[in-house]
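Asks: Knowing the structure of chain A, use the given hints to seat chain B on it.
Number of protein chains: 2
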Amino acid sequence: MLIFRIMKNWMIALLLAGTTFTWAHGQDNTRYTDARQFQIVGKGLPTSPVYQRFDSLLDKDLTPAVKHLSKHSSGIAVLFETNSMYIKAKWTLANGLFYNNIVPICHSGLDLYAWQNGKWQWAGVGRPGDKETANSGIIVSNMDGAMRQYMLYLPTYNELTSLEIGVAPEAQLGRPASPKIDTTHRIVIYGSSILQGASASRAGMVYSSILQRKTGWDVVNLGFSGNGKMEFPVAELLVKMPASVFVLDCIPNPSPKEIKERAYPFIKHLLDNRPEVPILLVETVIRENGYFDQKTDQDTKDKNAAIKEAYMKLKSEGYKQLHYLPATNLIGSDHEGTIDGVHLTDLGYMRQLEAMWPQLRQLMKKSHPIR
Amino acid sequence: MLIFRIMKNWMIALLLAGTTFTWAHGQDNTRYTDARQFQIVGKGLPTSPVYQRFDSLLDKDLTPAVKHLSKHSSGIAVLFETNSMYIKAKWTLANGLFYNNIVPICHSGLDLYAWQNGKWQWAGVGRPGDKETANSGIIVSNMDGAMRQYMLYLPTYNELTSLEIGVAPEAQLGRPASPKIDTTHRIVIYGSSILQGASASRAGMVYSSILQRKTGWDVVNLGFSGNGKMEFPVAELLVKMPASVFVLDCIPNPSPKEIKERAYPFIKHLLDNRPEVPILLVETVIRENGYFDQKTDQDTKDKNAAIKEAYMKLKSEGYKQLHYLPATNLIGSDHEGTIDGVHLTDLGYMRQLEAMWPQLRQLMKKSHPIR
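Protein chains in written order, with our numbering: chain A, 31 to 401; chain B, 31 to 401.
For the record, the hints were derived by calculation from the structure and aren't laboratory data.
If you're wondering where the values come from, they're calculated on a predicted model, not measured in any experiment.
Incorrect hints may have been included.
Same chains, same names: a pair is fine if it fits in one copy or spans any two.
[As the list claims (entries may be wrong)] Using 27 Å as the maximum straight-line C-alpha spacing, the simulated DSSO-like pairs for lysine-lysine come out as follows: (1) 97 to 345; (2) 120 to 161; (3) 120 to 325; (4) 270 to 396.
For reference, chain A alone in the conformation it holds in the complex (with noise of 0.2 Å):
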């Protein structure tokens, strides 16, 4: 018994030791590979750099707001495959970052999928540090080396500036031979702060993409916290965007006066550029503050009453292929969907999608494929 005390202890001085000395000499043999050579879904056009939505260079219209919260890679993902026992991560970002209402792994983390028996499963996060601009860690380990297709969501509320995919030496690692996202059929969405993912837990628990996991289709997610406010030139840039189904989820942001001045041209120049394209146009949330704060109530019954009205005299006009969602339940009615009363949680997301779902499907059914 006792010789078997002492090896096992001499075993433990020796494996703490040995984890000193790798260590110690940074002997991490873990193979990192820019993950701009894999797939990227999520993107609505072409830019550089790849990681944000917009190409600031090009889209010279846009507020400075829209500009900066662009360059934020929501809803943006890259699709490898591996059979490495495990996924590491090395990241950049531009800035150290601190939300109140939204949480580290969300606005500065990696969310990672595996296609497993036909769906998409949740596989891992990626952690950031105390506003970190340089981070790194494990995301999954301890794996069956299964050649398997991981999908991998990118911050949300930061712009991410570099993106290395690290695995076993040993592995094989490429872009996947049969992507199980389809990037010929994209829906893409416009709106607020929720839809750029204040207050999911982590990027893949946006109802963006959520919905994307679901149907297997692309998702374009062009939320841009407080500031989807149907300026004309977003409406410009949205009509370039190769589309299968528009999704309008913008009315949280614009006041009900923006409204009914910005509303109308926009979806009417969306409409008449792209008749191919069946748009779906979403009341604002209930604002769940607003059931005490009346002010807050007042504000959100205008923006609807606005929106309505658009969209009215859009149907009077013959726009068959314009659609709407009340907000009616949109996020139940227990009035837990959300954090501070305006941003969603996984379960006010989980909600939203389940409520978008009917009408959506009709749509995408309709739709056809990109150009």
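Replies: For chain B alone, kept in the frame of chain A given last:
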């Protein structure tokens, strides 16, 4: 009696005068009152200071980790009533903290519910700054001025060192005359980081808090991040606590070996000393990363095998008040109830409570008011 009441009122007046004086110079005429004057719920035993869960001076035999974590105010809430048109708060924290998997509103913020139409309805949050130890803010405003009862949940993962509730200078503010939490019935839950509140969006969305509002019974949250390890001194403390039902949801924390050593004496001590209190023993929730990480999967299985064995042994000894909840589908089957494979989001918490509810309801029916 009268002289005490006069003195009490005079002291309150002096306190309020002092508070008002300070703020008159900051040109905010909000009237702030120390929240310790109101009713505090979610407490297992009295402590000094009040916003913590164990009294570290008295409870000497706890591990340093449990002592430290017991200072976090998870599950504790303040009940008050007011007809103010707005509610503000000023609160101080012992530490400025960062968690990659917990949102600041949850770990260091405040979460307010109002009693409305015979239910607790969410009303607003107090937003902490970036590692600020002194915070203040508006929780809800523009209200109708009706007299209402409110419940304010405290930070889940920080030590609250002071709290003041702010109302309009002319508003009434006091302890509720008929508290909507029934403190003669109490559910005491012992658990892990999940129970403590990682990774709810706000304190009110932890399953213990949802249970409290759903039943109207008081619920005590004894979740200790990483440290619900069934040390015997914790059992000795639990037997001292007034309780109608005990829930043991700590299995995520101890190793299989620790469960083998500790679970039987820990639970037996509770059963023998509190034969009138039904106990619900909950298996550890499935680790969602365990579907890929084979080591994690094996560890979870070993934990649940060990706790099942302890349960079977105790049942064979005739303890009728011990009940068991297997982890099967505890948080659903879509693998989306966690932020990181371990810690539940609001979605996971809602699901766990739903899974626990049928058994819990039966145990509540069989239980007694606290002594």
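Asks: Run every hint past the structure and note whether it holds.
Replies: We went through each hint and held it up to the structure:
Within a single copy, residue 97 and residue 345 get their C-alpha atoms no closer than 32 Å, and across copies no closer than 65 Å, so neither meets the 27 Å cut-off. In this homomeric assembly, residue 120 and residue 161 come within 27 Å of each other (Cα to Cα) both inside a single copy, at 15 Å, and across copies, at 26 Å. Taking the shortest alpha-carbon separations for residue 120 and residue 325, only the inter-copy value of 24 Å comes in at or below 27 Å, while the best intra-copy value is 46 Å. Taking the closest pair of Cα atoms, residue 270 and residue 396 come within 27 Å of each other only inside a single copy of the chain (20 Å); across copies the shortest separation is 65 Å, beyond that limit.
Violated hint for the displayed structure: number 1, the only one.
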